[in-house]
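> With chain A fixed as given, assemble chains B and C onto it according to the hints.
Protein chains in written order, with our numbering: chain A, -5 to 296; chain B, -12 to 441; chain C, 24 to 252.
Check each hint, because a few of them may be wrong.
[Stated by the list, open to error] Distance condition first, Cα-Cα at most 20 Å in a straight line; then the derived EDC-like pairs of lysine to aspartate or glutamate:
no.	chain 1	residue 1	chain 2	residue 2
1	C	K197	A	E289
2	A	K279	C	D136
3	C	K45	B	E215
FYI, nobody ran anything at the bench for these hints, they're computed from the structure.
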Amino acid sequence: MCGIVGLLVKTPALKERLGELMVPMLIGMTERGPDSAGLAVFGDSLAENSRKLSLYSGLTDDGADFNWHGLTHALKEHLDVDAHIDVKHNHAVLSFAVSPELVKRWLRENHPKLHILSTGRTIDLYKDIGTPAQVADRYDFKSMKGSHLVGHTRMATESAVTPDRAHPFTAGEDFCLVHNGSLSNPNSIRRKLTPAGIHFETDNDTEAACRFLEWRLREGDDLEVALQKGFDELDGFFTFLMGTPDKLALIRDPFACKPAVVAETDDYVAIASEFRSLAHLPGVKHANVFEPAPEEMYVWNA
Amino acid sequence: MDIKPVSFKRVSREESASFDRSTIDYIQNAAAHGLYEIRGMGAKRKLPHFDDLLFLAGSLSRYPLEGYREKCVTKTILGTRFAKKPIELDIPITIAGMSFGALSANVKESLGRAATAMGTTTTTGDGGMTPEERNSSKTLVYQCLPSRYGFNPDDVRRADAIEVVIGQGAKPGGGGMLLGQKVNPRVAKMRTLPQGVDQRSACRHPDWTGPDDLAIKIQELRELTDWEKPIYVKVGATRTFNDVKLAVHAGADVVVVDGMQGGTAATQTCYIEHIGIPTLAAVRQAVDALEDLNMKGQVQLIVSGGIRSGADVAKALAMGADAVAIGQGILFALGCNSETYIQDGKHISALEGYDALGTQPGFCHHCHTGKCPVGVTTQDSVLEQRLQPDVGARRVKNYLKTLNMELTTIARACGKQNVHHLEREDLVALTLEAAAMARIPLAGTSWIPGHNGY
Amino acid sequence: MERMTFDLASSSLTEMNTFLHKGLEEGDKRHISVLNPDGAHNIAVGLNHPVTVEIHGHAGYYAGGMNKHARVVIHGSAGTGVAENMMSGSVHVKGFASNGAGATAHGGLLVIDGDAGLRCGISLKGGDIVVGGSVGSFSGFMAQAGHMVICGDAGDALGDSLYEAVIYLRGNVKSLGADAQFEDMTDADYATLAELLSKAGMDHDPKSFKRIASARTLYHWNADANQEY
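In isolation and in its complexed conformation, chain A is listed as follows:
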């Protein structure tokens, strides 16, 4: 199944150390999730007219040798877009000041195997196969800075172990979700949403949940209402942890079989599937440690 981690820091000093504090949390969840790992970080926002995409080249023929600079040149040539690129191994963050749909359409046409992990002004998203320690190393998680993050380690239950099936999943802009548990009706959810124009990339049950929320948010529900509808329509066991530019949100299904524990201090809120991922955090011995109740929405503001 899986391990989930979340961290929201409240001081500038801790924002500088976000990655450093998080890496042991992720690695602490290796036994729960040895197959793959992923992380979504919310840092400083780009200007209103700008967007960034997190891109994964692991599924392309060139993999980690993907020609990123070639891509930015081609973007300039074809669309007259000045894009900035930040590369780490088989991953890059591409930022630009035009509509994201324009760039994404171009990418799908010219680089169909390049996987678009996230879209937004604030979110950067990484995920890959490998142990949490390997993935953290590959993308230098320990150097990350930001106000909050959502992370995940995966033990695949039904769908395959591939990078695109790792978590977090994203929907729309600046929204992501990680899941511990197993949904029992993901296929019906997929079949309901596809005619509504929601596009699925994998057969992963978590993606079904994420797209369900995407659909509700698209239809005008706010997150709380969307999650309430989720309780009615999504069946199975789940602990969901979600990130938006200014929030972390957590819910557990009524049976609450999948574990979750929270440690809160004046300086941070940390969430994990098991306490041992929190044990290293500064001041945790004096933190308010508690388990979130089932069916309740917990929201922390960044």
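Positioned in the frame of chain A, the structure of chains B and C alone reads:
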């Protein structure tokens, strides 16, 4: 009254395939009682099974071994992955988990003695470990089930291996069941239940759900036993490929896969006949999962669910199992569905008992009633005397011996010096279903439905 | 009395557990401190001697699991399945306990000063559980024997599918489970309750508790009774 023309007589007796007598009887029972049917045994309907596979042996290109002078090894080791003390079997045929409660104490003792004589294991069931079984069975596997009836650390320490049961083939997704008539004082005490009350069992474990938590539970059992004893994980066959992979990820030493032909002493018929997949399909998925993870040989596979003969054992091994477990076959060996039972060396008719249950030898599945006419699946103090441990032990030992002899006969014919060298390329299939499920070509062809483009 | 310390920041949990199984004398009563548990799982599982084990910090899953004879104190919270399948002895959680606390315990006493999660006392088989705070939903699910004392509130489906275990509840319950019902407290109940509260060190008036037990309508398959199963 009209007299029908002779030529129309048979037309008026046309049975519907959908609403046959069996189905009509089912509906009328439901209408009368408002309750689902409960019975014992496994799936009774015809299913793709090992009967649909055949061996290729003794050809000009593969030389058979002589029956008596040329050795054929049957030794089997289970639990090599993490345990300090793996289980060593003389034969790759084990006795499956069946509870004291479902079976009588005499039966449990018979099984222990037979298994010890043949150098193999018995397994406790959904009721805990009895002294009879522990004392008579040299090597005993102790089940940890969702109900945890009778489960305790002293018995964990006394066991030779622990089997964490997620489900069984007869009822994947369902818990155990024992009706009040079988909850006699001794059973009630072992299970902490009121006497005579119908037992309800949980279908999930009380303190873990999912493979991520199972990993921690397995570690608890290892810590408890100082890493000495193998931990098995048993699943009823459904999404077997995923389940076996997850069991391996969770840390199992041995995976036990039980197909839908697997038996039970009592459960709802709708479970038995309509949930789970045939053993043949399950074996293939289980082996695929182990090979996919490159764990074949490190994590052992035990297959159960309708293993009846030495040929079945050989086919299961050829498909990739390391051993088999047998439940129903063992009961038949003891005398289940026999016309007689044996007392003081004499055969005594049991037909009255079958009659009282509304059944006959060859058709009986009434284990749930506790009124087994041959004293096997009963807690009744009179009926249980019909199966004496001496007799039971001898009969089960004979059966296991026969199975093993047939297994080695087939293995030798295929040119193998060790039964574990049987491989799936030694097999061909007779039907499309079997070929597709087992991914074995149809006899005389190289065709596997769905493969190689057609 | 002999005192020992294991620091899990520097020594192996397995080595500690193995020592606690194999390195003690019969009837050993020594005192063991466990430092820096940091949420480790399976701390002090399978104890089989009348020792005292004090865990200084938060424990992970199955702390004190399958305990026999020992007294385990956790100065912090406990993860899933604390004292699961306990046979005798006691486990005391000073903080809160996660899901499945005291699951399938056959004997002994589990005390939780704070709240307990869901399924507290699930499948209880004769043990006693006293919770100073509240318990989550499905507590006492299929509880067969023993007692549960809940000083706070209970969630949904309390005592669902109860057999012969008895629940004493002081606060409010969101809903009772199938076959669970309120019954009058008897003198014997008050006496049992008073003793349990005293052993747990909790100072409540037994008269402020209600009794919840099985209505026993699920004891026999009977269509005419229109039961839910």
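> If a hint holds in the structure, say so; if it doesn't, say that too.
Evaluation of the provided hints:
no. : hint              : result
1   : C:K197 <-> A:E289 : holds (14 Å)
2   : A:K279 <-> C:D136 : holds (18 Å)
3   : C:K45 <-> B:E215  : holds (13 Å)
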